[in-house]
Amino acid sequence: MSKELSSNEPTGPIEERWQSHKFNMKLVNPANKTKHSVIIVGTGLAGASAASTLAELGYNVKSFCIQDSPRRAHSIAAQGGINAAKNYPNDGDSVFRLFYDTVKGGDFRSRESNVYRLAQVSNNIIDQCVAQGVPFAREYGGTLSNRSFGGAQVSRTFYAKGQTGQQLLLGAYAGMMKQSANKKIEIFARREMLDLVLVDGVARGITVRNLTTGEIESHSADAVLLCTGGYGNVFYLSTNAMNSNVTASWRCHKKGAYFANPCYTQIHPTCVPVSGDYQSKLTLMSESLRNDGRVWVPKEKGDKRHPNEIPENERDYYLERIYPSFGNLVPRDVASRQAKFRVDEGRGVGPTGVAVYLDFKSAIEKKGEAAIKDKYGNLFQMYEKITGENPYKVPMRIFPAVHYTMGGLWVDYNLQSSIPGLHVLGEANFSDHGSNRLGASALMQGLADGYFVIPYTLGNFIANTELADVDTNHEAFKKSKEKCEKSLQKLLDIKGTKSVDYFHKKLGHIMWEYVGMSRNATGLKKAIEEIPKLREEFWKDVRVLGENNFKNTELEKAGRVADFLELGELMARDALNREESCGGHFREEHQTPENEAKRNDEDFCHVSAWELKSEEKLDWVENKEPLKFEYVKLANRSYK
Amino acid sequence: MAGAGGKNLNLKLKVWKQKGPNDSGHFLNYDANGISTDMSFLEMLDVMNEDLISNGQEPIEFDHDCREGICGTCSLVINGEPHGPDKGTTTCQLHMRRFKDGDTIAIEPFRAKAFPVIRDLIVDRSAFDRIIEAGGYISTNTGNAVDANAMPIGKAEADEAFNSAACIGCGACVAACKNASASLFTSAKLSHLAAIPQGQAERISRANSMVAQMDSEAFGACTNTGACEAACPKEISIENIAVMNREFAISSLKSRK
Chain C
1 MSKELSSNEP TGPIEERWQS HKFNMKLVNP ANKTKHSVII VGTGLAGASA
51 ASTLAELGYN VKSFCIQDSP RRAHSIAAQG GINAAKNYPN DGDSVFRLFY
101 DTVKGGDFRS RESNVYRLAQ VSNNIIDQCV AQGVPFAREY GGTLSNRSFG
151 GAQVSRTFYA KGQTGQQLLL GAYAGMMKQS ANKKIEIFAR REMLDLVLVD
201 GVARGITVRN LTTGEIESHS ADAVLLCTGG YGNVFYLSTN AMNSNVTASW
251 RCHKKGAYFA NPCYTQIHPT CVPVSGDYQS KLTLMSESLR NDGRVWVPKE
301 KGDKRHPNEI PENERDYYLE RIYPSFGNLV PRDVASRQAK FRVDEGRGVG
351 PTGVAVYLDF KSAIEKKGEA AIKDKYGNLF QMYEKITGEN PYKVPMRIFP
401 AVHYTMGGLW VDYNLQSSIP GLHVLGEANF SDHGSNRLGA SALMQGLADG
451 YFVIPYTLGN FIANTELADV DTNHEAFKKS KEKCEKSLQK LLDIKGTKSV
501 DYFHKKLGHI MWEYVGMSRN ATGLKKAIEE IPKLREEFWK DVRVLGENNF
551 KNTELEKAGR VADFLELGEL MARDALNREE SCGGHFREEH QTPENEAKRN
601 DEDFCHVSAW ELKSEEKLDW VENKEPLKFE YVKLANRSYK
Chain D
1 MAGAGGKNLN LKLKVWKQKG PNDSGHFLNY DANGISTDMS FLEMLDVMNE
51 DLISNGQEPI EFDHDCREGI CGTCSLVING EPHGPDKGTT TCQLHMRRFK
101 DGDTIAIEPF RAKAFPVIRD LIVDRSAFDR IIEAGGYIST NTGNAVDANA
151 MPIGKAEADE AFNSAACIGC GACVAACKNA SASLFTSAKL SHLAAIPQGQ
201 AERISRANSM VAQMDSEAFG ACTNTGACEA ACPKEISIEN IAVMNREFAI
251 SSLKSRK
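The listed protein sequences correspond, in order, to chains C and D.
End of the first sequence = 640 in our numbering, gap-free, step of one.
End of the second sequence = 257 in our numbering, gap-free, step of one.
To be clear, the hints were calculated from the coordinates, so they are not data collected in a lab.
Owing to the predicted nature of the structure, the values given are computational and were not obtained by experimental measurement.
Each hint should be verified, as a subset may be incorrect.
What the simulated footprint calls covered on chain C by chain D, stretch by stretch (three residues with Cβ under 8 Å from a Cβ of chain D suffice, anywhere in the stretch; the number is not a length) [claimed, not checked]: (1) 52-62; (2) 118-130; (3) 155-164; (4) 240-248; (5) 380-389; (6) 451-460.
As a list, the in silico DSS-like pairs of lysine-lysine whose alpha-carbon atoms are at most 27 Å apart [claimed, not checked]: (7) C:361 to C:301; (8) D:12 to C:498; (9) D:7 to C:393; (10) C:373 to D:155.
The beta carbon of each residue, even a glycine, is placed where N, CA and C say it ideally should be.
Just need the whole structure built from these sequences, with the hints factored in.
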């Protein structure tokens, strides 16, 4: 039976909600904190910031990551920046404006209370990071520098060249290492979470595979925090790291955690285009480039001239033409769809015709090559390495690619999932970005959750919960371990004919074709038909070589692809179910005459939180959390 | 396999195979045919592995993750050079257009006593984490911070700190050094934190403890040959090592321990 979910958000004036909630929550006294343990899976911005902060408070933290060091989590690759409502440039920013822009940018599908809290703590994040020694860009006078990002008309983005994620993550990682030295964090690197262990319905531990030795290990704690990022790699090609996956989230989903809005995926407008069928991943070119780069295609279809030979009056700077007030800085979903429309019209550029230009010529003329190099040097260099072309001389070729997933495990205001004790932070949850995330907001959310939200709400959970003494000798751990061992052996025993990547690529094709940038009922139904067939073929014919009790990359990949093959179906079902267009979810049946997304607030102003009826069978029920908009009135998004 | 604009290459690979830390290991020869010049080096290995799997042979194990040159996971010594022949480039960003048809390419793990081989081309670099653990941080608890603009930091100092902080911790400096010294890695963190006001409070103890930890791992000493700087994919300057020596000297003189 479908349920209506409660967000457990406080009431009252929005600007006082977090403050009063903090006061009303129970505390754990400092001496008692040291008696409690917390498992944190993932060491990106959310996981690392949560680990260091909870350890500082006294909790005993066990931190897990699939990488060889916590410092390598994929937050490290975030380029452009992190938003905060500091209003240092004196250009009219405020907490309310950041809140407003984020709700509007998310196309009215996020939870207002969460977004307001995010905007409120954004300023603390910048202070915290500077205190840690994060080398943000500065003005000559020594103050912090800001730049603009899409979906905003103020400059509120703090940055460290095109490596902001790296610097923020290394800051959080340093905090973790300090607590590791203090013996408050125990780090388990090269471990992959395979199962969540419930005792009396409460999340009390995890089962992991040691990726070096193949050993299956059990770990218990008083609570589990999942900070394992997004699921963009379901598309095979995305800007995610090769090892980013949905397995940890999906295994929790199978244990009863609801999966919210899985169809909300963000296709980032500025990525290096695909060059061939061997392509393994796509590389993002930071959105910050749209501060100075101008997007265009030739006015004529099939114009094969070199871009530098196409005169100004034969170019169509289509974003500036269609959206005069935001121009090249429209939100990502809008910029991506417009690029797709140009390519569909036959005006795409480059050898494949599946790209548009991002041109720095006028910025270089105005500001000089040195200034552009100072701002974006590493990005230009990265582009040149991939394509062999010099973007200072020839316009970049870009095309949208899967980048971020707004959907994720459902959480309430306290970041707790539908399983007591299981908390979900960062990209792995669903709550703050609605159906489209604005640029430079992912770093903000990951750190907000880890540094400033979970330290309070986790304490409240622990103080309010009767936690029986449980260790890994409990029956539930043994059962989980056996199940994981069996399922790994099952993969090795298939001994089929096709590689894991073969299936992953096939799934990616289906997802991109039918559940990608624009979707329609016919295509989605086709996906719902084809994915289960592919899944069946996978379980009959996949070839995984090597042993279970050893480093075995193919075996790791096989488990992840098996989960993607299930998630893909849920994404298509969710997209078919949501009869409207909103943000990154564009249903061709629901668009305005100008090809803009057309929401259906009457029927879909809610979160779809999918519940799996049983662990064994893929059969979902849709639970709904109604969304209220009291402070930002529901309106059609316009960036014109 | 052809790419959009590239040509195809036929190559011979000599790849290091090693079952685990206690196995002696050996080179194995492979033919890599029809490799597009538009592929990245790791995509070439992906294609190789697909071929190996379809022939029932074990794939080559290598470390990689972001494939955009920032996570520091990928490694490989390619024809004797960590991260291959291109300056300021990680292996994942190296493209096959850099090679010629008929080339033989030797692929080895980052070799150092402090980086034991886990399997084939994968090594254990956790010694780096232990060096950071020894003091590569500023002790500030969440919630203590003052307003970010309360402490002005000149653009030059901020840029200098950034340049050192850009280290990705890949370990190419160690692999390039004949002594397998971790001086460039350690010094980059020390310089980053010494360059900014926030780092001053722990400056003395930090240099001492990080250098001590570095020495206690199986890394060798620095003899200033500069091979680390030349191999560094992020072009971290060897001047950082001079800063480290200065920091260590001051710290040894001032240390109250």
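Hints and how they fare:
Residues of the segment 52-62 of chain C lying with their CB closer than 8 Å to a CB of chain D number 3, which satisfies the three-residue condition for coverage. With a threshold of 8 Å between beta carbons, the proposed coverage of the segment 118-130 of chain C by chain D holds, since 6 of its residues qualify and at least three are required. Counting residues of the segment 155-164 of chain C whose beta-carbon sits less than 8 Å from any beta-carbon of chain D gives 3, enough to reach three: the coverage restraint holds. A stretch counts as covered by a chain when three or more of its residues have a beta carbon under 8 Å from one of that chain; for the segment 240-248 of chain C and chain D the count is 3, and the coverage holds.
With 5 residues carrying a beta carbon less than 8 Å from a beta carbon of chain D, the segment 380-389 of chain C meets the three-residue requirement, and the given coverage holds. Check result for the segment 451-460 of chain C against chain D: holds, 3 residues qualifying (beta carbon to beta carbon below 8 Å, three or more required). Distance restraint check for residue 361 of chain C and residue 301 of chain C: the Cα-Cα separation of roughly 23 Å lies within the 27 Å cut-off, and the hinted pair is therefore satisfied. Restraint check for residue 12 of chain D and residue 498 of chain C: the C-alpha separation of about 25 Å stays at or below 27 Å, so the hint holds.
This hinted pair checks out: residue 7 of chain D and residue 393 of chain C have alpha carbons roughly 24 Å apart, not beyond 27 Å. Straight-line distance between C-alpha atoms of residue 373 of chain C and residue 155 of chain D comes to about 16 Å, which keeps the hinted pair within the 27 Å bound.
The structure meets every hint from the earlier list without exception.
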